[in-house]
Amino acid sequence: MSKAARETWGDPTTAAFWEAAREHRLVLQRCADCGHWQFYPRPFCLECGSSALSWKEASGRGRVYSSSETHMAPSPDIETPYVVAVVELDEGPKLMTNIVNGRCRIGDRVRVRWREREEGPPIPDFEPDPEG
Amino acid sequence: MTRKAYIAGVAETPLGKVVDQTELSMVALAAKEALAEAGMSVKDIDAVFVNYMGEEGSVQVGEYLGIEPRWGDSTDIGGGSFEAFVDHAVLAIEAGRIEVALIAYASRQRSRRNRQLAGADDSYSIWGQFETPFRPLMPITHYALIAARHMHEFGTTPEQLAEVAVSARHWARMNEKAWSRDSLTVSDVLDSPVIATPFHRHDICLRVDGGGALILTTPERARDAAKKAIPVLGAAHGHTAWNLSQLGDFTHSAGVRSGRSAFAQAGTRPDDVDVLEPYDNFTSSVIMQIEDLGFCARGEGGPFVEEGRLRPGGGLPASTMGGGLSYNHPGALGLLLLVEAVRQLRGEAGERQVPDARIAVAHGIGGVCNSSAATVVLGRE
Numbered sequence: 056m057s058k059a060a061r062e063t064w065g066d067p068t069t070a071a072f073w074e075a076a077r078e079h080r081l082v083l084q085r086c087a088d089c090g091h092w093q094f095y096p097r098p099f100c101l102e103c104g105s106s107a108l109s110w111k112e113a114s115g116r117g118r119v120y121s122s123s124e125t126h127m128a129p130s131p132d133i134e135t136p137y138v139v140a141v142v143e144l145d146e147g148p149k150l151m152t153n154i155v156n157g158r159c160r161i162g163d164r165v166r167v168r169w170r171e172r173e174e175g176p177p178i179p180d181f182e183p184d185p186e187g
Numbered sequence: 002m003t004r005k006a007y008i009a010g011v012a013e014t015p016l017g018k019v020v021d022q023t024e025l026s027m028v029a030l031a032a033k034e035a036l037a038e039a040g041m042s043v044k045d046i047d048a049v050f051v052n053y054m055g056e057e058g059s060v061q062v063g064e065y066l067g068i069e070p071r072w073g074d075s076t077d078i079g080g081g082s083f084e085a086f087v088d089h090a091v092l093a094i095e096a097g098r099i100e101v102a103l104i105a106y107a108s109r110q111r112s113r114r115n116r117q118l119a120g121a122d123d124s125y126s127i128w129g130q131f132e133t134p135f136r137p138l139m140p141i142t143h144y145a146l147i148a149a150r151h152m153h154e155f156g157t158t159p160e161q162l163a164e165v166a167v168s169a170r171h172w173a174r175m176n177e178k179a180w181s182r183d184s185l186t187v188s189d190v191l192d193s194p195v196i197a198t199p200f201h202r203h204d205i206c207l208r209v210d211g212g213g214a215l216i217l218t219t220p221e222r223a224r225d226a227a228k229k230a231i232p233v234l235g236a237a238h239g240h241t242a243w244n245l246s247q248l249g250d251f252t253h254s255a256g257v258r259s260g261r262s263a264f265a266q267a268g269t270r271p272d273d274v275d276v277l278e279p280y281d282n283f284t285s286s287v288i289m290q291i292e293d294l295g296f297c298a299r300g301e302g303g304p305f306v307e308e309g310r311l312r313p314g315g316g317l318p319a320s321t322m323g324g325g326l327s328y329n330h331p332g333a334l335g336l337l338l339l340v341e342a343v344r345q346l347r348g349e350a351g352e353r354q355v356p357d358a359r360i361a362v363a364h365g366i367g368g369v370c371n372s373s374a375a376t377v378v379l380g381r382e
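Protein chains in written order, with our numbering: chain A, 56 to 187; chain B, 2 to 382.
Don't take each hint at face value.
Stated by the list, open to error - Selected chain A positions facing chain B (Cβ under 10 angstroms, derived; list incomplete):
no., residue
1, Ser-114
2, Ser-123
3, Thr-125
4, Ala-128
5, Met-151
6, Ile-178
Stated by the list, open to error - Quick list of the computed label-pair ranges, beta carbon to beta carbon:
no., chain 1, residue 1, chain 2, residue 2, range
7, A, Gly-157, B, Gly-316, 40 to 46 angstroms
8, B, Glu-349, A, Asp-184, 57 to 63 angstroms
9, B, Ala-265, A, Pro-131, 45 to 51 angstroms
10, B, Arg-202, A, Glu-186, 55 to 61 angstroms
11, B, Glu-95, A, Arg-80, 52 to 58 angstroms
12, A, Cys-103, B, Arg-224, 27 to 33 angstroms
13, B, Asp-123, A, Gly-104, 28 to 34 angstroms
14, B, Asp-123, A, Pro-136, 24 to 30 angstroms
15, B, Pro-304, A, Ile-133, 34 to 40 angstroms
No lab work stands behind these hints, which were simulated from the structure alone. We put the beta carbon where it would ideally sit given N, CA and C, even for glycine.
With the hints as constraints, model all of the structure from the sequences given.
Put into structure tokens, the structure is as follows:
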């Protein structure tokens, strides 16, 4: 990843997420007052309003909430098919991702697998979780 | 019951492939036609409600029409903004602030090929950081993920989705303005190319040029209308999430609340509805809207549409001009839903007329992930 991409990637509220991503750690905001896990980051807890948020490493595990195999790429340089999914993390929040290294059905257990890329920090793909 | 506002005129812009007009000229021509139905002229407009007409859209449209309205609204809550505009305009009329509202839209997305499926790639937006890198088709993948979850939870089938497309086609075959009028069967839908599971090509709306205009006015001014004015019985809207990760339960939407509120204002129930104009950007959306609006219980939308219930002669005639799936989808469908609902209530829908239609519902949705919903209940006096 180029120095320019590193410096310009993300925004001030998400910097900690992407710094951790560079170390292949999936971090979420956690509220010290009510215990709420929050993704994507905000300046305060949406559950209780507290500003006592800190970044905590998530388990990196969850379940497929929904998935769709895409056969038409948004640009011609992307190979199809590929699977876009929404994963519900064990901590609660949902996030969009790609399912790699095998097939998954809705409800299946998955774990994070970081994907390196040129244009920015690694992004969290998910793969079938062998530990179930 | 006293009604506060009436739709006094409606019109479509040129539809399909439009090469001899601009978006602004299309809106102007449709506005003139709708005004003629209302027995009015451009100078009578004192409020402009538009979406996707460029930066400060209401200002641009007002200027183009040579008017200086006292009320402008370019609220963007997606393709269903136009149902929300009815909600806004009714309140402004009721408050005595405006008398004649123009609600309008036009797009040449087919001719200009300006529809983007890739989404934002800037890393400063939440979208660009957390969704675009996973290469969803905007908004096809988002609705596919919503549909897949509905199928998982309730056992909704690909055949039930396909029936929505087939039903819309049956209606389109009776509408000479519809873009797609060839016969279509459930097998045709299931045999069409898979775009993003569970969607086949025919589960996805058209992408053509089009638009329309609508004139909403006071009960007093509606008396001068050249055609039968149609009272707004209820209108409500709301929204949920822009990023799919932030959408709570995928299987229902803001339409639950907008529907409940609009029906309560109208003093009607889903059972009373003669014509439904749902926002059929995707086949699954219709199934979910039928549930959201209370035509059946949650999860029962799939079985509900079986056996041709939405088709001509069915128990709940829906998408009676052929919908976004077969008639026209100019990027934002909401205005055309209102146009068709009005024509059905006036009894001027020709071959596709639903007999004795008295209550019609136009239900708009918008956003890449079922983000907004706006319900309008219309009646006949």
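Tell me, which hint numbers fail for this structure? 1, 10, 12
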